[in-house]
Structures are given as structure tokens and as C-alpha cells.
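Okay, here's what each chain looks like letter by letter:
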Amino acid sequence: MSQEMTSLPDAPLLVAEGLAKYYGSRLGCRDVDLTLHAGEVLAIVGESGSGKSTLLSLLSTELAPSAGHVSYRMRDGEMRDLAALSEAERRLLLRTDWGFVRQHAEQGLRMAVSAGGNVGERLMAVGWRHYGNIRQEAADWLVRVEIATERMDDDPRTFSGGMRQRLQIARNLVTRPRLVFMDEPTSGLDVSVQARLLDLIRQLVEEFGLAVVIVTHDLAVARLLSHRIMVMKSGRVIEQGLTDQVLDDPREPYTQLLVSSVLAA
Amino acid sequence: MTALARTASGMPAITYNFAYLDEQTKRMIRRAILKAIAIPGYQVPFASREMPMPYGWGTGGVQVTAAILGANDVLKVIDQGSDDTTNAVAIRSFFETTAGVATTTRTRDATIIQTRHRIPEAPLRAGQVIVYQVPIPEPLRFLEPRETETRRLHALSDYGLMQVKLYEDIARHGHIATTYAYPVKVAGRYVMDPSPIPKFDNPKMDDSPALQLFGAGREKRIYAIPPYTRVVSLDFEDHPFAVQAFAEPCALCGAKGVYLDEVILDDKGGRMFVCSDTDHCATRQAEGHTGSMSAPYGEGQP
Chain B
1 MSQEMTSLPD
11 APLLVAEGLA
21 KYYGSRLGCR
31 DVDLTLHAGE
41 VLAIVGESGS
51 GKSTLLSLLS
61 TELAPSAGHV
71 SYRMRDGEMR
81 DLAALSEAER
91 RLLLRTDWGF
101 VRQHAEQGLR
111 MAVSAGGNVG
121 ERLMAVGWRH
131 YGNIRQEAAD
141 WLVRVEIATE
151 RMDDDPRTFS
161 GGMRQRLQIA
171 RNLVTRPRLV
181 FMDEPTSGLD
191 VSVQARLLDL
201 IRQLVEEFGL
211 AVVIVTHDLA
221 VARLLSHRIM
231 VMKSGRVIEQ
241 GLTDQVLDDP
251 REPYTQLLVS
261 SVLAA
Chain D
1 MTALARTASG
11 MPAITYNFAY
21 LDEQTKRMIR
31 RAILKAIAIP
41 GYQVPFASRE
51 MPMPYGWGTG
61 GVQVTAAILG
71 ANDVLKVIDQ
81 GSDDTTNAVA
91 IRSFFETTAG
101 VATTTRTRDA
111 TIIQTRHRIP
121 EAPLRAGQVI
131 VYQVPIPEPL
141 RFLEPRETET
151 RRLHALSDYG
161 LMQVKLYEDI
171 ARHGHIATTY
181 AYPVKVAGRY
191 VMDPSPIPKF
201 DNPKMDDSPA
211 LQLFGAGREK
221 RIYAIPPYTR
231 VVSLDFEDHP
241 FAVQAFAEPC
251 ALCGAKGVYL
261 DEVILDDKGG
271 RMFVCSDTDH
281 CATRQAEGHT
291 GSMSAPYGEG
301 QP
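Chain order of the listed sequences is B and D.
Letter by letter, the first sequence follows residues 1 to 265 in our numbering.
Letter by letter, the second sequence follows residues 1 to 302 in our numbering.
It should be emphasised that the hints constitute simulated quantities derived from the structure, not laboratory data.
Treat the numbers as computed from the prediction; the structure is a model and nothing was measured.
Misleading hints may appear alongside valid ones.
[Claimed, not checked] Which chain B residues stay away from chain D? Per the calculated CB distances, all over 10 Å, these:
1. Asp97
2. Ala125
3. Glu146
4. Glu184
5. Asp199
6. Asp218
7. Leu219
8. Arg223
[Said to hold, decoys possible] The calculated EDC-like cross-link candidates involving lysine to aspartate or glutamate, where the alpha carbons are at most 20 Å apart (straight line), are:
9. D:Lys26 to D:Glu96
10. D:Lys165 to B:Asp153
11. D:Lys165 to D:Glu96
12. D:Lys165 to B:Asp33
13. D:Lys165 to B:Glu206
14. D:Lys165 to B:Glu184
15. D:Lys165 to B:Glu137
From the three backbone atoms N, C-alpha and C, an ideal C-beta is built for every residue, glycine too.
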């Protein structure tokens, strides 16, 4: 899989080696190796229970791996083993250089805090103390994700599903992260809203050169957003490669089944 | 005591250890207090005891007071600034009964002041101890419900969330609308809930010569501000911290720059503003100060 990376001359952003997670005796995932470069979008697909969410949690340090390690190239260019980071460093990383867009917006947002406050939280956490500036920055981001500024002081409970997801994105991107994890960001949305959200994500990825690891069971989402794809089954990566290549010419029987299971409209 | 006093029925009369709590409990509380003083603003867990009063009536403050009370101390107890409301009277008589200590209503005569929701107007001096009754010690509580998480946030000094609360205030009300339990940063490290005192009193905590102790009975936490410690109220650069201002002086003693209570006089909109600190008001009146609604001189004076 090194060919597709030669176009990016710099060192990888995120590297996982021999990653495994066991929940007691049950397998979460095992033997996962991956390399992600700046600006690259990687989709992890597979059916429910295939270990893709576990993998995402391992990469984003929400879970500690049973084996293997994950390292990340910090802003100063140094490659660091994430397990060796102090809690303070890890948190700083999570809220400055990383983002996490969750499937259920309620888990990624503060539902009792206004939209502006949600976007401003990361700024305040990194030391912004000027109300006017925080508000201006939050307003700019709301416009960017197509939320009307007059909704800025409403709390996300009054928002539709699509708006909540867009707000989550604004909240994550306000500190200009380099890497964003997304866990099924479009599921539960109706198709037109989904299409707009995907469009927005694609545009932001382009604009900011974001690296993204996106977990989805929707192959269309993977096709639209990702450069590369990893197919998981029973906790293992069974096939990976360029998205078009894997989806148009699947090699593994399971991937063939997955591709052929997509309903044509 | 050599023999137990007996009641008429022959049962031994109930006697208490000095200041109600047993000595081991006091030791435990004192250890927590010492730790709290050593780490200003940090909430020290302690094994809070059942007290003969309901939670929410100052069980934390009472335990702290009981642990530091000595036979020669002079105790003052205030509730919302007043020496004569139920809570203040009950706690004062509790210590009169169980410790036999002298009590006072004069701020300057007291060595220990237990308070609910106010700091006296008269400046505290070195050697005095003020004990706050605290209902909810965790300033991040309503922003982050998980105790494990709030502790981690304190440990990492991760206080962006507190700022979010103030941001929300300004977004909703145009100014920081938090008027009591206004969060402060102690000695540049821990963010602390000063208990539900009005933010008017926040500046009094800064660089105070008195020792400030905070006890939360239900939540089982003790924290402290040692004398002469920097206490800063959180704010934004463009929305700086400001205390409440009152348009009129106290109607009874004419005091300005003090915290006033609004008293409704009738159902036609009649009202008066009087000092919340009853001792301060009485002292000023005794000195001859009058306000717009004072009784004529001599009338009503003892």
C-alpha cells in the first residue's frame, strides 16, 4: 500500500501497528496496521460488530489497546507514541489538533449550551478570554457550516438532526485540527440532508487539508468522501486499498457481498 | 466528670463531648482542614458525620467549626448576613449548649464566624477564622455531571468549561448574570465555588487576613483559602468582573457600598433597602448614623 502514498512527500500523520483489543476473551479487533497522511481520508467499512468502532476508539485514544501502538506526528513534527502521552497532553491534542464527530450529536455536543457556546468551548479551553473575539469566531464557523447566525444563541435541542451534525463539525474544526475522526456522521439523517452534509464535509476537508478517519457502514459515503478504504470483518481488516479500486473490483468474497448488497435507487 | 448526672427517672442525663463531635472525628476533620489549607482551593474529601440537623442547614460548616473550636473562642453565626434568623440562632445555641463557648453578634469581637451566604461588611482581621456553609462545593457541577470527570478537570487545571458558563450568561443576558456562587480562581491554581455568597462579597476574599474555611456536609468536602491568598473572580477581557451596585443607601443606617436586602413593605409597591449585615447596621445606628426610614432619634432605642 506504499504506492498511493508516494504522492505525499512528508512523513505520515498517524501510524498504527499491530493494534488489537480484547474485551475479556471476546475479540474487538486484531492485527490492524494503518498509516494515514495529512489530508488523506480513510474510510473504515464493515457490518455492525465488525470492530470498526473499536478501531476508531483505539486510534482516538478513547480505549487502550490490548496490543500494538498508535503514534502521531505532533505539530512540532515529532512522532509520539500516544500511549506515552500524559493525560494533559492527550487532552490538549484532543481539543486542538484532533476532532471527533460522533454518530449521535448529543454525545458530541453540550445540549444545554447554546450553539455559540458549543463552538466557543474549545477556544475558551485553549485560553481565549475575549468574549467578542470568541463570539465572532463562533459566528464565522456557524456561517461556514450553514447555520444561520440568528440561531447562535439557541441550544442544540432546538436543532434538527442535520443541523446538530453540522454544529458538531463547527465545534470540532474551530481550532483548525489536522485530524478528524468521524463515527457514522450521516446515519439517521434523511438522504437530502445526508447529501448536503457530505458535500459540506468534502468541502471542509478540501479547504483545510484535513486528514479524516471515517467509520461508516454506508459504502456510498465511503465512495464519496474517502481516498482509501479498509474493509473489516470479525475484528480483522480483510481488504484495503484505493476506494474506487476496492468498491469497483472487490477481491474478497465478503467485500463482494457488501458491494452487491447496496440497493440501487 | 466523676459521676453522671441522673434525671428524675434514674436515666443518665445526656452529656456531649466538647463541641458535640468525638475527638477522633475532630482529628480527622482537622487533618482535612490542614490539607485544604496546604492546597488552597482544592476540595479535600472527609468522612462527614451525621449531625443533629438536616443536610442543607449547615452540617458541613458546623463540623468544621466543631473541629476548630477552643474553649476560649468567641463564636458568631450569621445566616444571609443576619444574626437573628433561625439557622444562625440554632447553630449558635447548639455550640453554647455543647461547647459552652462565648457567642457574640459583633464581627470584631468574634474569633470564629460561621456564615451562610455572606461575608460580614466589617473587614476581618488576622487571627479570625470564617467558616462557610457550602451546599455544592463543585463549581463545575452543573456543567459536568460526572464527579470522576470534574476531579480530572481540576487536576489538569482544565477550566474552559467554567468560561463556557460565563459565555452563556453574556449570550443570554448581555452581561455576566451569575450573581452568587460566582467562581473564583484561588492562588492561580484551583477554580473554587465560594459558596452562595453574593458576588458582591467576592473581592473580600482576596488577600484577606483571616483564614477562610469551607465545609460541605452532604458532599463531604472541605476546602480553604489561607490568609493573604490571591482570589480572582473569573471573567472575560471585554466583560470584566463587577459587583452589584445599589442606587440607594441603607434605609436604616444610611450606609453606602454595602450589600442591601430588599424588604417589601406592602402590596402597593412599597419597599425599602436595608443592610443585609444586621451587626453592621446596628453598629452604625448606635454610632448615630440614620437613613431615610430611620425612627426619630431616641424612639425604639433600648
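Going through the hints against the structure:
no.: 1; hint: Asp97; in the structure: holds, 16 Å
no.: 2; hint: Ala125; in the structure: violated, 3 Å
no.: 3; hint: Glu146; in the structure: holds, 20 Å
no.: 4; hint: Glu184; in the structure: holds, 24 Å
no.: 5; hint: Asp199; in the structure: holds, 29 Å
no.: 6; hint: Asp218; in the structure: holds, 32 Å
no.: 7; hint: Leu219; in the structure: holds, 37 Å
no.: 8; hint: Arg223; in the structure: holds, 38 Å
no.: 9; hint: D:Lys26 to D:Glu96; in the structure: holds, 18 Å
no.: 10; hint: D:Lys165 to B:Asp153; in the structure: holds, 13 Å
no.: 11; hint: D:Lys165 to D:Glu96; in the structure: violated, 42 Å
no.: 12; hint: D:Lys165 to B:Asp33; in the structure: violated, 42 Å
no.: 13; hint: D:Lys165 to B:Glu206; in the structure: violated, 34 Å
no.: 14; hint: D:Lys165 to B:Glu184; in the structure: violated, 30 Å
no.: 15; hint: D:Lys165 to B:Glu137; in the structure: holds, 18 Å
When the structure is compared with the earlier hints, violations turn up for hints 2, 11, 12, 13 and 14 and for no others.
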